[in-house]
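Engineer: Make the full structure from the sequences, and use the hints.
This is what each chain is made of:
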Amino acid sequence: MKYFAGIDIGSTAIKISIVDGKKNLLGSRISASGSMFYKYAQETLDALIGELNLNKNDILYIVATGYGRKLYKEANENISEITANAIGARAAASEFGEIKTIINIGGQDSKAISLDSDGNVVNFAMNDRCAAGTGKFLDVVALKLEIDVETLGESHFKSTGTPLSVSSTCAVFAESEIIGLLGNNHSIEDIICGVHYSIAKRIVKLVKRVGVKEGIYFDGGPALNMGLVHAIENEIGQRIFVPSNPQITTSFGAAIMAVDSYNYENS
Amino acid sequence: MLNIKKKINNMNLIRFRFWFQIVAFALIVYGGYIGLDLGDKLPTFACVFNGEGTGGKCYVGMLQHDLKHPFETFIGYGGFAFLISLAMFAVWFWVLNKAWCGFVCPLGTMQDWLTTLREKLKIRFSEYSWASRGKIKSIKYILLILLLIIPVMISNSVLGLPKLPNGLSMPFCDICPGRMLIPAFTGNFNQFYIDFTSKTDLVMTLLGMMILGIFLVGAFVKKRFFCYFCPMAALQYIFSKPALLKLYKDGSKCTKCGDCYRACDMDILEIADDVTSKNLVTEDCTLCLKCIAACPEDGCLEANFAGKTIFESTKEGFILRMAMNNQKESHE
Amino acid sequence: MSNTSHEIESPNEKQNRHKAMEAVKLLNTLREDFKSPILSMEYFYDLFERVYCKHESLHEGKTKIGTMCIQIPSEIIYALDGVPIRLCNGFYTDDEIGSDFMPQKACPLVKATVGQFASGNFTDKPDIVFSPTTCDQKTKAGATIESFGYKIYDVDFPRTKESEASREYWRRSVKQFAVELSKFQGKKLTKTNLEQAIKKIGYAQSLYHKISEFRKHEFVPILGLDVFLITNAFFFDKINNWIEATEKLVNELEQRVRNKISVSGKVSPRIVYTGSPPIFPNYKIPQIIEESDAIIVADETCSSNRMFNDMVAVDEWNIYDMMDSISDKYLKGCTCPIFTKNDDRIRRIIQLVKTYKADGVVYQAFAGCTVYEMEQRSVLEAMEKAGIPILYLESDYSPSQGGQLSTRVEAFIESLKTRRRNKK
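Protein chains in written order, with my numbering: chain A, 1 to 267; chain B, 1 to 332; chain C, 1 to 424.
For the record, the hints were derived by calculation from the structure and aren't laboratory data. These numbers were taken from a predicted model, which means no experiment stands behind them. Glycine residues also receive a C-beta, built at the ideal position from the N, C-alpha and C atoms. It cannot be assumed that every hint is accurate.
[Said to hold, decoys possible] If you want the ones that stay clear, here's a sample from chain C, every Cβ over 10 Å from chain B, calculated: (1) Thr63; (2) Ala118; (3) Ile128; (4) Ser147; (5) Gln185; (6) Lys248; (7) Arg256; (8) Leu405.
[As the list claims (entries may be wrong)] Examples of chain A residues lying across from chain C (beta carbon under 8 Å, computed): (9) Ser167; (10) Gly194; (11) His230.
Structural biologist: Next comes the structure, spelled out in C-alpha cells:
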C-alpha cells in the first residue's frame with residue numbers, strides 16, 4: 001500500500017496526518033512541539049505509524065509544513081503553511097461546500113487566507129502584532145482567570161451582562177487589564193466573553209483585509225473554543241465552518257500535497 | 001452685612017422701581033401740598049406749571065428763563081448767578097446721575113405706566129432699527145441747542161439776525177408734554193389750550209398739543225419713546241462723568257448673551273456688546289438698572305455709588321427674578 | 001455553509017452589543033477607578049447603563065424631537081409637549097457605520113450621528129429631526145440622513161452674531177421652527193406652556209451652575225468626567241428625573257465641600273477643557289487627563305458649559321418677548337467656532353481659567369472638525385499672550401490611540417505641576 005504523511009510543525013504543537021493514495025485521511029496525531037522539534041516530530045510520526053499498524057516504509061512521501069518545517073530534514077518536500085492550509089481546508093470541507101476564506105488561529109499567529117474558486121491562494125494576511133489575537137492570548141487569559149483553557153467556550157455562553165472588552169492589543173498589557181477587572185469583582189464570564197470579542201474583532205479586521213466572502217473555514221487550536229467561534233460569527237455577521245478536528249487541517253493539506261507530488265514525480 | 005448685600009442683589013428690581021417711581025412721582029407732583037420744595041434746579045421734569053402741587057421745579061424751564069436776558073446781564077453778578085444755578089443743577093444731578101430719568105422723572109414714569117398697560121394687553125413693543133436708532137440720537141442735542149439759543153435771541157441779536165418775539169421765552173416748555181400732563185394730575189387742566197393771541201403762540205401751543213399726542217401714542221408702542229429726544233438727557237449727559245452713581249461693567253465676565261440689551265428700554269447696544277469700557281452710562285442710559293437685574297453673570301454689571309457697589313448682577317438674583325427657582329410642577 | 005449551532009446576532013444586535021461594550025467600559029472606569037466616589041452619581045451611571053447597555057427606551061408614547069445641535073430651543077419643544085433628543089453621538093461603533101456615508105476625513109461626531117441614522121437603531125427613535133445649519137458637516141449631514149427616509153427640517157442659522165440682520169434672521173428661523181413643530185404636534189404655543197418650559201429649563205440650568213460653583217473650591221468635590229456625564233444625560237433623559245437626580249447631587253456636593261472631600265490630590269493641576277465636545281462614551285481625553293492626576297474644573301464645550309451657561313432672560317412675559325429671548329439666547333451667547341470671528345470664545349476661556357483658578361487649558365479637536373482645528377491657532381496665541389499654558393490635541397473616536405495621547409497629556413500635566421512648584 002501507498003501512504004503519505006503531512007507534518008505540520010507549529011509553535012505549540014506538532015500535527016501529523018497520514019492519507020492513503022486516494023487522499024483519504026487515515027489518522028492523525030498531535031503532540032506538543034516543546035524544545036526539540038525534530039525529535040518530537042519523529043517520535044510522533046513513529047507513534048502514528050504504529051497506531052495505524054503501518055510499516056514505516058509504506059510512507060512514500062512526506063511533506064513538512066509549518067513554522068518548524070525546515071528543521072525536519074527527513075521530509076521529501078516542504079511547503080508553506082498557507083498553501084497547506086488552503087489545500088487541507090478545501091478537502092476537509094468538500095462535502096459541505098466551497099471554501100472561499102480561511103481563518104486560522106495558531107499558537108503564535110493568526111491568518112486570513114482568501115481562495116479563488118479553484119482553490120488557489122489569491123491573498124492572505126497575517127497578524128503583525130505578537131501574541132495579540134492568537135491562541136497564546138487565550139492561554140494567558142485562562143491562566144489569569146485560573147481556569148482551564150478548554151472551559152473558556154463554555155463560560156462564554158454563561159455570560160449574562162455586557163461583555164467587558166479588553167482594549168490592549170498586547171497580551172502582557174491585557175493581562176493587567178484583566179487583573180483590574182477581576183479586582184472590581186466583575187463576572188468571569190463577562191470578562192471571557194469580552195476577551196473573545198476582542199480577539200474576534202481583531203480577526204475580522206484581518207479577514208476584511210483579504211475580503212469577506214461567503215464560505216468561511218475556521219481552523220487552528222482555538223477553533224475548538226465555541227465561544228470564540230460564536231464571537232467571530234457575530235462580528236463577521238455570518239456562519240462559519242469549523243472542522244471536527246480543527247487542529248490538523250494544515251497537516252492534512254500537507255499530506256494531500258504529498259500524494260500529488262508523489263504522483264507527479266512518478267508519472 | 002453680607003446678608004443685606006445678598007438681599008439687595010436678589011431683589012425684584014421691577015417691583016422696587018415701580019414703587020420708588022410712585023413715591024418719587026408723588027413727591028414731585030404733589031409734594032408742594034405738604035410743603036416740600038426742592039428748589040428750581042431739579043434735573044428732572046418737575047413742572048413749573050404745576051402750581052401749588054409741585055415739590056420742586058425743573059431746571060430746563062429755569063434755564064430758558066435765565067437765558068432770556070441781554071448779554072450785558074451775564075457780565076458780573078448776573079453771569080455768576082447763572083453759573084451758580086448751573087452748578088446747583090449739576091450737584092443735584094451728580095447724586096443720582098441718570099437715575100433721575102429712570103427712577104424720578106414723572107414723564108419717564110408715565111411712559112413706564114403706558115408700557116405696563118401695553119404689556120398687560122399683550123401687544124408687542126416696537127423697536128427702531130439700529131440704523132434709525134443711530135440717526136435719532138442727535139435730535140436731543142438739536143433740541144437742547146434750540147432751547148438754549150431761542151431765549152437768548154429774544155433779547156439779543158445773534159449774528160445780526162432780528163430778535164425773536166417774547167412768546168418764545170420758554171420754547172421747550174411750550175412743546176413739553178409735561179406742561180400739560182403733570183398739572184393734570186393735580187386736577188389742573190388749564191394747560192390744555194391753544195393760544196390764538198399771536199402767530200408764535202398759536203404755532204407753539206399747537207405744536208405742544210401735537211407732541212402730547214405723539215408722546216402718548218409713542219410711549220404706548222415704544223418703551224421710553226420720548227426719552228430718545230429729551231434735551232434734558234442731553235444736558236445731563238454733559239455732566240455725567242463725575243456723578244456719584246455709576247453703571248459699571250466688567251467686560252471680561254460678559255458672555256455677550258444680550259440679556260441686558262433686551263431688557264434695556266432705550267435699546268442701548270453697548271451694554272451687551274461693549275466689553276472694554278467700564279463706565280456704561282451712555283448718553284441715552286436712564287440708569288433704570290434693568291440691565292443689572294437681567295444679567296446672569298456674577299458681578300458683570302453693577303450699580304456703584306461713590307466707589308461702593310450697591311447692586312450687582314448675580315446668578316442667584318437672576319434666577320429669582322426670572323422665577324426659575326424650584327420648579328416643581330410636572331412637565332411630563 | 002456552517003456546522004455551528006448558535007444564533008448569530010442581527011446587525012442591530014451586533015451594533016447594540018458593540019455600543020454596550022463601549023459604554024460599559026467607560027461606566028466601569030467611572031464607577032471604579034477614582035477615589036471618593038459620589039453616591040448620587042449612581043443614578044447617572046445607571047441611566048447610561050439602562051439606555052446604552054440594556055437598550056431601554058425612556059420616552060415610550062411621547063413624540064421625540066431629534067435635534068442635531070444645541071441651537072434648537074428645547075424650551076419650545078417642551079412647551080409643545082415633545083421630548084428633545086439631542087443626536088450628537090460619541091460611539092465609535094456608529095462612527096464606523098457612518099464612515100461609509102461621509103468623507104474619510106470627516107468629523108467622527110457627525111459620522112457617528114449619520115451612522116446611527118443609517119442603522120436606524122435607536123432606543124428612542126426621533127419622530128422628526130430639526131437640523132440647524134451650524135457647521136458644514138452637520139448642515140450637509142441633514143440631507144444624507146433624509147435620504148435614509150427620515151423627516152428632516154432645516155433651521156437656518158447665521159454664521160455671524162454681531163449684526164442686526166443675523167439677529168433678525170435667527171429670530172425668524174426660530175419662529176418658523178415653532179410653527180413647524182406646532183403643526184407637527186397639533187398643539188398651540190401659549191404664554192403658559194412656553195413660560196413654564198422656560199422656567200423649567202432655567203431651573204435645570206441653575207442646578208448646573210450650582211455644580212459649577214462647587215468646582216471653584218480648592219477641594220474639588222466632583223470629577224470633570226462625572227460632570228460631562230451629567231450634562232450628557234440632559235441630551236435624552238426625562239427632564240424631571242434629571243432635575244431630581246441633580247438636586248440630590250447638589251446636596252451631596254454641598255456636604256462634600258463642607259467636609260473637604262475631594263476627588264483630586266493636593267497638587268493635581270486644575271484644567272479647563274475646551275474644543276470638540278466629549279459625548280458619551282468618547283471621554284477619551286478627559287479620561288486621560290483625570291487619570292493622570294489632573295482635574296477638570298471647568299469646560300468650554302457645547303455638550304456641557306455652552307449648553308447650560310446662558311439662560312433665557314425675559315423682560316415681558318408674553319409670547320413675543322419670550323420667543324425673542326429664546327432666539328437671542330441660542331445665538332448671542334454662543335461661542336461655537338462656526339462663527340466668523342470668535343473673540344468671545346477666547347474671552348470665555350480666559351475668564352474660566354481665572355474664576356476656576358485653573359493651571360492650564362487642554363484644547364481638543366476632533367480630526368475632521370475643521371472649525372475647531374482652524375480656531376486652534378488664534379486660541380493658542382491668545383493663551384500665550386495671557387500666560388496660560390495650553391495643550392492642543394487632535395483625536396478621534398478610535399479606541400487604539402491611547403498611548404501617544406496619554407504621553408502628551410501626562411507631560412503637559414507634569415509641566416503644570418512643576419510650574420506650580422516653582423511659583424511657590
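Engineer: So, for every hint listed, does it hold in this structure?
Structural biologist: So, going through the hints one by one against the coordinates:
1. Thr63: 13 Å, holds
2. Ala118: 32 Å, holds
3. Ile128: For Ile128 (chain C), whose nearest Cβ neighbour in chain B is about 20 Å away, the distance exceeds 10 Å, so it holds.
4. Ser147: With a cut-off of 10 Å, Ser147 (chain C) remains clear of chain B, as the shortest Cβ separation is near 34 Å.
5. Gln185: 14 Å, holds
6. Lys248: The claim stands: Lys248 (chain C) keeps its Cβ more than 10 Å from every Cβ of chain B (closest is about 15 Å).
7. Arg256: 21 Å, holds
8. Leu405: Since the minimum Cβ distance to chain B is about 31 Å, Leu405 (chain C) lies beyond 10 Å and the statement holds.
9. Ser167: 5 Å, holds
10. Gly194: 7 Å, holds
11. His230: This hint holds: His230 (chain A) lies near chain C, its Cβ roughly 5 Å from the closest one there, short of 8 Å.
The earlier numbered hints are all upheld by this structure, with none contradicted.
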